[in-house]
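Visitor: The opening residue of the sequence shown carries number 620 in the numbering used here; numbering runs sequentially from there.
It is worth saying that the hints were derived from the structure and are not from the lab. Among these hints, one or two may not hold up.
[Unchecked claim] Capping the alpha-carbon separation at 27 Å, the derived lysine-lysine pairs in DSSO-like fashion look like this:
hint, residue 1, residue 2
1, Lys677, Lys722
2, Lys724, Lys662
3, Lys722, Lys680
4, Lys677, Lys724
5, Lys724, Lys680
6, Lys714, Lys680
7, Lys662, Lys714
8, Lys677, Lys662
[Unchecked claim] Derived CB-CB ranges, DEER-like:
hint, residue 1, residue 2, range
9, Ile711, Asp684, 36 to 44 Å
10, Glu682, Lys724, 46 to 54 Å
11, Gln676, Asn727, 37 to 45 Å
12, Asn661, Ser689, 26 to 34 Å
Every residue, glycine too, gets a C-beta built ideally from N, C-alpha and C.
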Amino acid sequence: MEKRSIIITTFVLVWLLALTAINLNGITGASVLNNNEQWVCNKLQCTEQYTTQELQQKFCKIENDQILCSVSVDGQVSDHLIDQINWESLQICKKAICTEEVKIKPVNYEVDLNQMQN
């Protein structure tokens, strides 16, 4: 009877150790996956825009008795006289709030863009 009790106790201990090992492995595996993922802002909502005066202070300079402002049009940056720019049409966000986040997983692999276009 005593041998049977020892065998049952040993079996239960081995079974508990196996369950503990499986659970720890699962937790470790899950934490590795979670640490590799991160939340990033997906949608911004502008709460404050630069004023015309702030934009002029930021992008304009005095050169040869003229006020020139550095403006990018279609990706090309060039200087323009201050009165040639429609300042009211420029809306550049100064402060924003994030209204939506998405979970991303950083990766690093090559993608064949020719195959994606087909």
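Visitor: If a hint holds in the structure, say so; if it doesn't, say that too.
Guide: Against the structure, the hints:
For the suggested pair Lys677 and Lys722, the alpha carbons sit about 35 Å apart, so the restraint of at most 27 Å is broken. Restraint check for Lys724 and Lys662: satisfied, since their Cα atoms lie roughly 18 Å apart, inside the 27 Å limit. Using a Cα cut-off of 27 Å, the hinted pair Lys722 and Lys680 is violated, with the two alpha carbons roughly 43 Å apart. With a CA separation close to 36 Å, the supplied pair Lys677 and Lys724 exceeds the 27 Å bound.
Among the hinted pairs, Lys724 with Lys680 is inconsistent with the structure: their alpha-carbon atoms are about 43 Å apart, more than 27 Å. Between Lys714 and Lys680 the alpha-carbon distance is near 24 Å, which keeps this suggested pair within the 27 Å criterion. For the proposed pair Lys662 and Lys714, the alpha carbon gap of about 13 Å is at most 27 Å, so the pair holds. Among the hinted pairs, Lys677 with Lys662 is consistent with the structure: their alpha-carbon atoms are about 26 Å apart, no more than 27 Å.
Checking the proposed 36 to 44 Å range against Ile711 and Asp684 shows it is violated: the Cβ atoms sit about 27 Å from each other. At about 49 Å, the CB distance of Glu682 to Lys724 agrees with the hint of 46 to 54 Å. Between Gln676 and Asn727 the beta carbons are some 41 Å apart, a value that agrees with the proposed interval 37 to 45 Å. A hinted range of 26 to 34 Å for the beta carbons of Asn661 and Ser689 is consistent with their spacing of about 31 Å.
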